[in-house]
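What follows is the residue order along each chain.
2 protein chains.
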Amino acid sequence: MPIELSTADADFAGRFADFVDAGRETATDVSAVVAGIVADVRARGDAAVVDLTRRFDRMEVTAQTLRFTGAEIAAAKDRIEPDLHAALELAADRIRAFHAGQLPADHDAVDAQGIRAGWRWSAIDDVGIYVPGGLASYPSTVLMNAIPAKVAGVRRLVMTTPTPGGTVNPLVLYAAHLAGVDEIYRVGGAQAIAALTFGTGTIAPVDKITGPGNAYVAEAKRQLYGRVGIDMVAGPSEILVVADSAANPDWLAADLLSQAEHDRVAQAILMTDDTDLARRTAQAVDATLDALGADVARESWARFGAIITVRSLDEAPPLIDALAPEHLALSIADPQAMFARIRHAGSVFMGYRTPEAIGDYIGGPNHTLPTGRRARFSSGLSVADFMKRTTFLDCSAEGLAAVGPAAARLAEAEGLPAHALSVTRRLG
Amino acid sequence: MPIELSTADADFAGRFADFVDAGRETATDVSAVVAGIVADVRARGDAAVVDLTRRFDRMEVTAQTLRFTGAEIAAAKDRIEPDLHAALELAADRIRAFHAGQLPADHDAVDAQGIRAGWRWSAIDDVGIYVPGGLASYPSTVLMNAIPAKVAGVRRLVMTTPTPGGTVNPLVLYAAHLAGVDEIYRVGGAQAIAALTFGTGTIAPVDKITGPGNAYVAEAKRQLYGRVGIDMVAGPSEILVVADSAANPDWLAADLLSQAEHDRVAQAILMTDDTDLARRTAQAVDATLDALGADVARESWARFGAIITVRSLDEAPPLIDALAPEHLALSIADPQAMFARIRHAGSVFMGYRTPEAIGDYIGGPNHTLPTGRRARFSSGLSVADFMKRTTFLDCSAEGLAAVGPAAARLAEAEGLPAHALSVTRRLG
Numbered sequence: 126m127p128i129e130l131s132t133a134d135a136d137f138a139g140r141f142a143d144f145v146d147a148g149r150e151t152a153t154d155v156s157a158v159v160a161g162i163v164a165d166v167r168a169r170g171d172a173a174v175v176d177l178t179r180r181f182d183r184m185e186v187t188a189q190t191l192r193f194t195g196a197e198i199a200a201a202k203d204r205i206e207p208d209l210h211a212a213l214e215l216a217a218d219r220i221r222a223f224h225a226g227q228l229p230a231d232h233d234a235v236d237a238q239g240i241r242a243g244w245r246w247s248a249i250d251d252v253g254i255y256v257p258g259g260l261a262s263y264p265s266t267v268l269m270n271a272i273p274a275k276v277a278g279v280r281r282l283v284m285t286t287p288t289p290g291g292t293v294n295p296l297v298l299y300a301a302h303l304a305g306v307d308e309i310y311r312v313g314g315a316q317a318i319a320a321l322t323f324g325t326g327t328i329a330p331v332d333k334i335t336g337p338g339n340a341y342v343a344e345a346k347r348q349l350y351g352r353v354g355i356d357m358v359a360g361p362s363e364i365l366v367v368a369d370s371a372a373n374p375d376w377l378a379a380d381l382l383s384q385a386e387h388d389r390v391a392q393a394i395l396m397t398d399d400t401d402l403a404r405r406t407a408q409a410v411d412a413t414l415d416a417l418g419a420d421v422a423r424e425s426w427a428r429f430g431a432i433i434t435v436r437s438l439d440e441a442p443p444l445i446d447a448l449a450p451e452h453l454a455l456s457i458a459d460p461q462a463m464f465a466r467i468r469h470a471g472s473v474f475m476g477y478r479t480p481e482a483i484g485d486y487i488g489g490p491n492h493t494l495p496t497g498r499r500a501r502f503s504s505g506l507s508v509a510d511f512m513k514r515t516t517f518l519d520c521s522a523e524g525l526a527a528v529g530p531a532a533a534r535l536a537e538a539e540g541l542p543a544h545a546l547s548v549t550r551r552l553g
Numbered sequence: 126m127p128i129e130l131s132t133a134d135a136d137f138a139g140r141f142a143d144f145v146d147a148g149r150e151t152a153t154d155v156s157a158v159v160a161g162i163v164a165d166v167r168a169r170g171d172a173a174v175v176d177l178t179r180r181f182d183r184m185e186v187t188a189q190t191l192r193f194t195g196a197e198i199a200a201a202k203d204r205i206e207p208d209l210h211a212a213l214e215l216a217a218d219r220i221r222a223f224h225a226g227q228l229p230a231d232h233d234a235v236d237a238q239g240i241r242a243g244w245r246w247s248a249i250d251d252v253g254i255y256v257p258g259g260l261a262s263y264p265s266t267v268l269m270n271a272i273p274a275k276v277a278g279v280r281r282l283v284m285t286t287p288t289p290g291g292t293v294n295p296l297v298l299y300a301a302h303l304a305g306v307d308e309i310y311r312v313g314g315a316q317a318i319a320a321l322t323f324g325t326g327t328i329a330p331v332d333k334i335t336g337p338g339n340a341y342v343a344e345a346k347r348q349l350y351g352r353v354g355i356d357m358v359a360g361p362s363e364i365l366v367v368a369d370s371a372a373n374p375d376w377l378a379a380d381l382l383s384q385a386e387h388d389r390v391a392q393a394i395l396m397t398d399d400t401d402l403a404r405r406t407a408q409a410v411d412a413t414l415d416a417l418g419a420d421v422a423r424e425s426w427a428r429f430g431a432i433i434t435v436r437s438l439d440e441a442p443p444l445i446d447a448l449a450p451e452h453l454a455l456s457i458a459d460p461q462a463m464f465a466r467i468r469h470a471g472s473v474f475m476g477y478r479t480p481e482a483i484g485d486y487i488g489g490p491n492h493t494l495p496t497g498r499r500a501r502f503s504s505g506l507s508v509a510d511f512m513k514r515t516t517f518l519d520c521s522a523e524g525l526a527a528v529g530p531a532a533a534r535l536a537e538a539e540g541l542p543a544h545a546l547s548v549t550r551r552l553g
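Those protein sequence lines, which keep their order, are chains P and G.
The first sequence: position 43 = 168 (my numbering), numbered continuously.
The second sequence: position 118 = 243 (my numbering), numbered continuously.
Derived from the structure by calculation, the hints contain no laboratory data.
Do not take every clue at face value.
[Claimed, not checked] If you want the ones that stay clear, here's a sample from chain G, every Cβ over 12 Å from chain P, calculated:
| id | residue |
| --- | --- |
| 1 | ILE128 |
| 2 | ALA147 |
| 3 | ALA172 |
| 4 | MET184 |
| 5 | ASP203 |
| 6 | ARG241 |
| 7 | ALA248 |
| 8 | VAL293 |
| 9 | LEU296 |
| 10 | GLY305 |
| 11 | ARG352 |
| 12 | LEU381 |
| 13 | ASP485 |
| 14 | PRO542 |
[Unchecked claim] Label-pair ranges, simulated between beta-carbon atoms:
| id | chain 1 | residue 1 | chain 2 | residue 2 | range |
| --- | --- | --- | --- | --- | --- |
| 15 | P | ALA199 | G | ALA142 | 31 to 41 Å |
| 16 | P | ALA462 | G | GLU185 | 22 to 32 Å |
| 17 | P | GLY540 | G | ARG183 | 16 to 26 Å |
| 18 | P | LEU552 | G | ALA427 | 23 to 33 Å |
Given the structure is predicted, the values throughout are model-derived calculations rather than measurements.
Don't be surprised by glycine CBs; every beta carbon is placed ideally from N, CA and C.
Just chain P, same shape as in the assembly:
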């Protein structure tokens, strides 16, 4: 049974604080195993990748067959039902259009002192995206990582995905093709992250790696962060659905379960000012679970689900901010007014007719979002994550004369005489 909290209860504050602090991330310590895999791939390159792939993915592979051929990628299209072609293409087009609006602007200006300053954005050269295999091998993951990278202008976009027992999801290959991925390798796990970082004979190294993965992939990214760029530390997914009495319990139940079905440690929370709606939604969740026979969603809802009753939706904003949810669905009459009152959420789904699933696939905004209250300080994936900014400064003689003495004075005060000399020698 999901936890039930009500702001009308005397002990609400303490119970809500405990609920906010309760972690769902299991601390599997895989660091030693991952460190061994990373060292092996760094030392032996392709040979290590081939050995580890045979062992973990139970398949024969050689350095020559690690990379998917153009024929294999082209053949994937034929294995997909035609209506899925159109759906993927519509999704790719809409995601591309949204992210194209995120390209950042350069800046170049001369100030009153005659000093020119600004910045220039440029794409990261080589990027790797990791796509999980098996049951969580999703074409939407490919689109949401690869399209922003290509919009940014990444010149070489490499994808790795494990193919356990040789099985690959043709939708993943076709999505990669649609998104403009340049190279695809049948490698997964920590060995894929290490191969992308250090390079092997077959796989040239990249500068940054994005994409979700299991505990081994996440730990490898954490260990190699700094040597390569990474996207984020991602935890289990969550949704907070805020509903008023006009919301439809069957719609809300599907919204809650669409999060819960991702993962046994996913979290779905309903917040409402209508106790009758809360009751009817809980019933609809149970009925939907029975109809779907969804074990993962059932466990997530029972263990981590929650129903929070508020006396008035005026109480909602600080509670929403405390939860800082990855996904915030506002199934209320005036979602815009509520949005204006909250500060922390990864992505917001406005009104009765915007299910979060639209954002997962086709809305346009990225579905890679900060989890576990990290929306307090971080953002979803964007085009800027595939770029970097170089600032610049250009002093005229007059500009240097105007600001140089103050800089030299500060350098002396900081005990850095060569800094001061580099200015005063030019002023002399």
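Start from chain P and add chain G according to the hints.
Same frame as chain P, but now just chain G:
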């Protein structure tokens, strides 16, 4: 003696590759010590902070005296020579003006399908900045971290700095005052990072921590990354000075040493097409070292310094990109043309009259920059580092009808039936 490389040498490619790959970051393993400090502060709060501060900073302190009082901060101003007031104020004003131009724009648009989508930026609520104590206690560090945070709109900006033996740099306190820091604590090391992350009785927790620090501070930030946001993994500083025959050897020598004097493992590199200039600059470096008696700079230049001779400056761009330097000084006749040909650098200093030290203090752009070739994939500190972006999606009934069926089809193909239901129930 600094290493000497020339593109005219037959073995240049291999030697340059080794030079690029050579690490300067020492792998001090402080992880166990830091984990112990973090656990202690998390469990015992102020009591742990007080104990650790007594031990590491050799000073008496209580929970009540951890925070600098307004009177202490005001008194700092009187301990500073008046001309330094003006220099710090000019620096603060220029840094503020530059960063104000970095405030990102929101986006809100309805597309042809009737789907509204966009994003909204907002400041991070609570931010902590770490400022080292002792010899590397710099007011410029305060300005470069605190001003972008306040430009972003951070509502509570907390600074921690160790005061070994009770000593504090009054310039650091005055810079914090100028920059609008809200609270200052005399705490340093891993205990400061843990206190900012978990909070203590005296110090309320923050959402993100920025600023440089020693190996303990860096390891604490790495361990707590995810629980709080952090700025970056920073390594030892470096500069690449590219010079043509019209450059002044004495100016170049000061530029090289202004980097070398930061740290025994800092790196200063000269690249030039003029062997005579190279020789005269090396002599000027030695003369300047003798005049300054600078041990740190002398060791850095001898161990990690380099002079790279190119046959023509046309050879420079790929070498610059391979080094991806934190600081790139272009002491050449046409720096703009060279800038257009390179892709990776943290910050560029254009022309003969722009010493890097201007950027350290007063130019405007941030001096917190990616080191150790990380300019390939990351950027200097900016206003956006103190903000986060919330995306949103708002479907009209028509919009949902237009894109919903494709989303439901993709959800089914991914084996996520509740996702599909959350769409189809609304289409019914």
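Comparing the hints with the structure gives:
no., hint, result
1, ILE128, "holds (20 Å)"
2, ALA147, "holds (14 Å)"
3, ALA172, "holds (21 Å)"
4, MET184, "holds (22 Å)"
5, ASP203, "holds (16 Å)"
6, ARG241, "violated (8 Å)"
7, ALA248, "violated (8 Å)"
8, VAL293, "holds (14 Å)"
9, LEU296, "violated (6 Å)"
10, GLY305, "holds (19 Å)"
11, ARG352, "violated (9 Å)"
12, LEU381, "violated (8 Å)"
13, ASP485, "violated (6 Å)"
14, PRO542, "violated (5 Å)"
15, P/ALA199 to G/ALA142: 31 to 41 Å, "holds (37 Å)"
16, P/ALA462 to G/GLU185: 22 to 32 Å, "violated (53 Å)"
17, P/GLY540 to G/ARG183: 16 to 26 Å, "holds (22 Å)"
18, P/LEU552 to G/ALA427: 23 to 33 Å, "holds (29 Å)"
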